[in-house]
Amino acid sequence: MVLALDVLGTFAFAVNGAFTASRKVRLDIVGILALGIITAVGGGMIRDVVIGDVPPAAFTRWYYLAVAAVGALVAFFISRPPRLLYRSMLVLDAVGLSLFCVVGALKAVEFGLSPAPAIALGAVTAVGGGTIRDVLIGEIPSVLTSGLYAIPALLGASVAVATVGTGVGAAGAVAGAVLCFGIRMVGLRYRLNAPAARHHRDGD
Amino acid sequence: MVLALDVLGTFAFAVNGAFTASRKVRLDIVGILALGIITAVGGGMIRDVVIGDVPPAAFTRWYYLAVAAVGALVAFFISRPPRLLYRSMLVLDAVGLSLFCVVGALKAVEFGLSPAPAIALGAVTAVGGGTIRDVLIGEIPSVLTSGLYAIPALLGASVAVATVGTGVGAAGAVAGAVLCFGIRMVGLRYRLNAPAARHHRDGD
Amino acid sequence: MVLALDVLGTFAFAVNGAFTASRKVRLDIVGILALGIITAVGGGMIRDVVIGDVPPAAFTRWYYLAVAAVGALVAFFISRPPRLLYRSMLVLDAVGLSLFCVVGALKAVEFGLSPAPAIALGAVTAVGGGTIRDVLIGEIPSVLTSGLYAIPALLGASVAVATVGTGVGAAGAVAGAVLCFGIRMVGLRYRLNAPAARHHRDGD
Numbered sequence: 497m498v499l500a501l502d503v504l505g506t507f508a509f510a511v512n513g514a515f516t517a518s519r520k521v522r523l524d525i526v527g528i529l530a531l532g533i534i535t536a537v538g539g540g541m542i543r544d545v546v547i548g549d550v551p552p553a554a555f556t557r558w559y560y561l562a563v564a565a566v567g568a569l570v571a572f573f574i575s576r577p578p579r580l581l582y583r584s585m586l587v588l589d590a591v592g593l594s595l596f597c598v599v600g601a602l603k604a605v606e607f608g609l610s611p612a613p614a615i616a617l618g619a620v621t622a623v624g625g626g627t628i629r630d631v632l633i634g635e636i637p638s639v640l641t642s643g644l645y646a647i648p649a650l651l652g653a654s655v656a657v658a659t660v661g662t663g664v665g666a667a668g669a670v671a672g673a674v675l676c677f678g679i680r681m682v683g684l685r686y687r688l689n690a691p692a693a694r695h696h697r698d699g700d
Numbered sequence: 497m498v499l500a501l502d503v504l505g506t507f508a509f510a511v512n513g514a515f516t517a518s519r520k521v522r523l524d525i526v527g528i529l530a531l532g533i534i535t536a537v538g539g540g541m542i543r544d545v546v547i548g549d550v551p552p553a554a555f556t557r558w559y560y561l562a563v564a565a566v567g568a569l570v571a572f573f574i575s576r577p578p579r580l581l582y583r584s585m586l587v588l589d590a591v592g593l594s595l596f597c598v599v600g601a602l603k604a605v606e607f608g609l610s611p612a613p614a615i616a617l618g619a620v621t622a623v624g625g626g627t628i629r630d631v632l633i634g635e636i637p638s639v640l641t642s643g644l645y646a647i648p649a650l651l652g653a654s655v656a657v658a659t660v661g662t663g664v665g666a667a668g669a670v671a672g673a674v675l676c677f678g679i680r681m682v683g684l685r686y687r688l689n690a691p692a693a694r695h696h697r698d699g700d
Numbered sequence: 497m498v499l500a501l502d503v504l505g506t507f508a509f510a511v512n513g514a515f516t517a518s519r520k521v522r523l524d525i526v527g528i529l530a531l532g533i534i535t536a537v538g539g540g541m542i543r544d545v546v547i548g549d550v551p552p553a554a555f556t557r558w559y560y561l562a563v564a565a566v567g568a569l570v571a572f573f574i575s576r577p578p579r580l581l582y583r584s585m586l587v588l589d590a591v592g593l594s595l596f597c598v599v600g601a602l603k604a605v606e607f608g609l610s611p612a613p614a615i616a617l618g619a620v621t622a623v624g625g626g627t628i629r630d631v632l633i634g635e636i637p638s639v640l641t642s643g644l645y646a647i648p649a650l651l652g653a654s655v656a657v658a659t660v661g662t663g664v665g666a667a668g669a670v671a672g673a674v675l676c677f678g679i680r681m682v683g684l685r686y687r688l689n690a691p692a693a694r695h696h697r698d699g700d
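Protein chains in written order, with my numbering: chain L, 497 to 700; chain H, 497 to 700; chain R, 497 to 700.
What the hints contain is simulated information worked out from the structure, not anything from laboratory work. In this text the structure is predicted, and so the values were computed from the model without any measurement. There may be inaccurate statements among the hints.
[As the list claims (entries may be wrong)] Here are the computed lysine to any residue pairs in the SDA-like style, where the Cα-Cα straight-line distance is at most 20 Å:
id: 1; chain 1: R; residue 1: 603; chain 2: R; residue 2: 675
id: 2; chain 1: H; residue 1: 603; chain 2: R; residue 2: 553
id: 3; chain 1: H; residue 1: 520; chain 2: L; residue 2: 631
Given the sequences, and given the hints that come with them, work out the whole structure.
Structural data, given as structure tokens:
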């Protein structure tokens with residue numbers, strides 16, 4: 497079950513990452529493949545290198561690279577997503593975000609990190625791949641500037657970390673993922689943003 | 497004492513990093529927090545991952561993340577630093593640079609690196625966080641283009657590495673940090689730059 | 497022999513990296529040195545951190561940093577490469593690409609990676625340094641957008657990985673490097689590109 501969700505999240509991140517990249521920059525098939533794969537497995541690789549679980553899971557379990565490559569190829573061949581597909585992608589991306597923040601934080605706890613760093617690393621797992629992609633195509637990472645993306649990941653990871661080892665661990669992980677997903681979808685629906693620094697608001 | 501200076505350097509880097517980022521890009525509070533923390537702990541994390549000391553100190557000693565987060569929040573709420581505060585920040589940033597280059601180089605020696613790589617890694621510790629921040633906000637890292645920033649870090653690390661294990665180790669570390677700080681302040685005062693490539697000077 | 501080729505590849509990448517960087521951005525000598533060295537050793541460092549061989553070879557074998565620094569200094573002092581030298585550089589860069597993809601993939605196999613991840617990591621070894629350089633100077637990495645650069649690296653690594661442990665290992669490694677070099681030179685000669693996404697071609 498977890499594996500199926502993890503693979504689904506990887507696939508969603510790869511398709512979404514490849515679409516996002518190809519909308520902004522003229523890329524050949526190698527570039528689209530590379531950016532789709534990096535979006536899908538980049539966050540987990542940062543997490544694994546930081547906690548010392550090397551080679552990272554993306555390199556030791558064959559299906560991560562395979563699923564990510566298939567996802568990027570799908571994006572390459574469709575290339576102009578119909579509106580409905582695009583919306584499904586945003587939902588799938590929120591699913592990936594929710595799964596990766598919880599899985600990342602729990603893996604960090606398992607490797608001995610305290611709660612606060614584990615929560616931070618869970619969020620990095622969830623947003624890291626998209627951040628590397630944005631840096632590579634010359635964009636300021638959207639997680640830094642726009643809307644509720646990092647905050648739901650941090651909250652979801654917090655719930656998962658707070659409940660780990662309490663006997664409701666599995667339920668806590670699910671609750672964390674559901675919370676993250678819910679906040680993210682509400683944010684998308686109502687275009688909510690986190691508060692910005694004061695001197696910028698002056699200029700509005 | 498070293499711990500106090502290390503924490504002070506982390507705080508200074510976080511405030512300075514958050515200020516620098518928010519002057520250039522419209523960021524929400526998550527972006528400012530993230531960039532302040534990355535500026536403060538990014539260099540040390542690169543060092544720790546490279547020498548194999550994982551999870552990095554920033555993730556295993558709680559006060560690094562906490563101090564960096566407080567520093568970034570201070571920058572978020574002040575947002576328009578008065579001139580005097582801005583100058584103090586430059587001095588504190590030079591303190592951070594001096595401490596991090598020496599601490600980073602000595603830690604690299606401790607983990608078995610030879611002098612030249614240890615000196616290089618000490619400088620990376622000192623400039624790495626700001627470099628990641630600049631890349632994330634779409635700026636060319638200032639360490640590559642402007643003034644005496646990497647050179648004092650390299651010199652400070654060299655002094656510390658040259659004197660380690662000679663019986664004057666502690667004094668050597670202090671001398672390295674003081675040298676780095678002194679050159680950096682002279683460079684700031686007189687706006688000194690390192691020599692640039694010839695064909696660029698032709699165009700001046 | 498392998499060592500000589502490895503050092504030659506490092507030198508070529510450092511000169512080429514420093515030239516490329518200084519053509520695009522106004523850099524001082526520290527920036528040119530840093531970017532030349534990063535271009536030369538960056539890909540290998542990513543590989544070593546990912547497979548867990550830390551500290552990376554670039555930090556434990558003194559000649560990598562030394563050769564890379566000399567290469568970058570050569571670029572700094574020449575700064576306006578004559579046409580002939582520039583062409584030699586492209587050839588040397590193709591040599592570096594061919595050597596690094598094979599050496600990187602074989603090292604990944606040696607550290608226990610399966611064929612597909614090892615091939616991917618071989619290509620990352622070959623293109624990683626130039627990618628970091630491009631990100632640092634604010635360019636979209638050329639490997640993502642232009643021509644046959646990643647594909648020959650992937651093919652060369654594939655040949656090397658496919659033949660490792662078959663008794664023709666050394667010949668297979670040479671064949672992989674020669675294949676990569678040949679495709680790269682043909683691509684340079686005829687300005688071949690990988691296929692781009694469909695909706696971009698529509699606009700042409």
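Status of the hints after comparison with the structure:
1. R/603 x R/675: 19 Å, holds
2. H/603 x R/553: 18 Å, holds
3. H/520 x L/631: Distance ~16 Å between residue 520 of chain H and residue 631 of chain L Cα, so the pair holds.
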